[in-house]
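Enquirer: Let the hints inform the model, and build the full structure from the sequences given.
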Amino acid sequence: MTYSPELLKGTLKTIVLKLLTDNKKMYGYEITQKVKELTRDKIQITEGALYPTLHALEADGLVTTEVEYIGKRVRKYYSLSPTGKAATREKLKELTNFMDTMIALLEIKPKMA
Amino acid sequence: MYQLNDQQIDLILSDLRQRGIETESMRMNLLDHICILIENHLEENGDFGQFYATTIRSFYKEELRELEDEARLLMALNKGHLLLSRNQFFLLLFALLIGPFITYDLVWMVQTGPGWFIPAEIWVSTIVFALYPLLVLLVLFLTPDRFDPLIPHRAKILLGGRPLIRVMVMDTVQQ
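Residue numbers (the working numbering), protein chains in the order written: chain E, 4 to 116; chain F, 1477 to 1651.
Keep in mind the hints are simulated off the structure, nothing from the lab.
Please note that the accuracy of each hint is not assured.
The calculated SDA-like cross-link candidates involving lysine to any residue, where the alpha carbons are at most 25 Å apart (straight line), are [what the hints assert, rightly or not]:
id, chain 1, residue 1, chain 2, residue 2
1, E, K21, E, E93
2, E, K27, F, S1501
3, E, K112, E, I46
4, E, K75, F, T1499
5, E, K28, E, E97
6, E, K16, F, E1498
7, E, K39, F, H1517
8, E, K79, F, K1632
9, F, K1537, E, K112
Expert: Here it is in C-alpha cells:
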C-alpha cells in the first residue's frame, strides 16, 4: 500500500530535512531511494514533488548545495544550513504534535506491541 | 547497465528546455535524475528514445513545467503573494482597466446632485476609452484553451513572485 500524494504534501519538507539531518548530504535521486527503502516502498516521493521542494528549501536558506561534475552532467548535493538545522527541530516538533492531535481527533487507538 | 553518451545528454537537456524548464538548477537536477534512471534500468542495448519518453512522462501530470511552477509557488509562499484563479485574474483586470471609468461616472453623478444626469460627452468618452480594454478582456476570457496558450482555463496566476505576474499550470501545485 502506498500513501496518497495529498497525505504527503504537507510533510515533504520535514521528510527531506530529517533525511538531511541523518545523512549529511544527499542528491535528489538518493533521497527518493532512501525514502522508499526506509518506508518499505510505502512512500514513493515523485520527482514532481521532490525537486520543487528542494528548490524552495534552498530559496528559504534551509539547505545549502554543492555540485559534483560527472562528465557532461552535474550532480547537486543538498545539506542542511544552520538555519535548516533549527527549522528541522521545529518542523519535527510541529509534525509530532500534529500527529498526536490527529490520533486524538480521529480516536485512533495505538497498536499494542 | 546502459552508458549514456554526450549526444544523448545534450538531447535530454534540450528537451527539458523545450518542455519549459527554464531554471538551470532545476534542469541539472532533472538531467541527473533521468540519467541515473536510464543507466540503472535500461539494458545495454535497450531503446534509449522509448525509455526516455516513458521516464519523462512519469514526472508530470499535464506538462513538465508544472515542476517549475510548483517550485515558484513554494518559494513565493513565504513572501507576500496573491494566487488568483483565471476568473479572479480577469475580474481584477476588469476592475483595474474599466473601474476608473465607472468610478469617474459615479463621482460625476454624485457631484451633480439629484437627477443622476451624466452629459452625453462623458458617456461617449467612457464608452470609447473603456471599450478597447473591455473587448481585449472579453476576447481573452472567451478564447478556448486550444487557442490560448497564454492563459489556459486551468491556469492560476501568481502575483507578487518573480516575475511579478506569472501564469502557472496548476495540476500539481499545492494550494
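Enquirer: Now tell me if each hint is right for this structure.
Expert: Structure-based check of all given hints:
Between K21/E and E93/E the alpha-carbon distance is near 11 Å, which keeps this suggested pair within the 25 Å criterion. Note on K27/E and S1501/F: the hinted pairing holds, with a Cα-Cα distance of about 20 Å set against a maximum of 25 Å. Taken as a hint, the K112/E and I46/E pair is honoured in the structure, with Cα atoms around 23 Å apart against an allowance of 25 Å. A threshold of 25 Å between alpha carbons decides the hint, and for K75/E with T1499/F the separation of about 18 Å falls inside it, so the pair holds.
Distance check on the hinted pair: K28/E and E97/E sit about 24 Å apart at the alpha-carbon level, within 25 Å; holds. Distance restraint check for K16/E and E1498/F: the Cα-Cα separation of roughly 23 Å lies within the 25 Å cut-off, and the hinted pair is therefore satisfied. At roughly 17 Å between alpha-carbon atoms, K39/E and H1517/F fall within 25 Å of each other, so this suggested pair holds. This hinted pair does not check out: K79/E and K1632/F have alpha carbons roughly 30 Å apart, beyond 25 Å.
For a cut-off of 25 Å, the pair hint linking K1537/F to K112/E is broken: about 37 Å separates their Cα positions.
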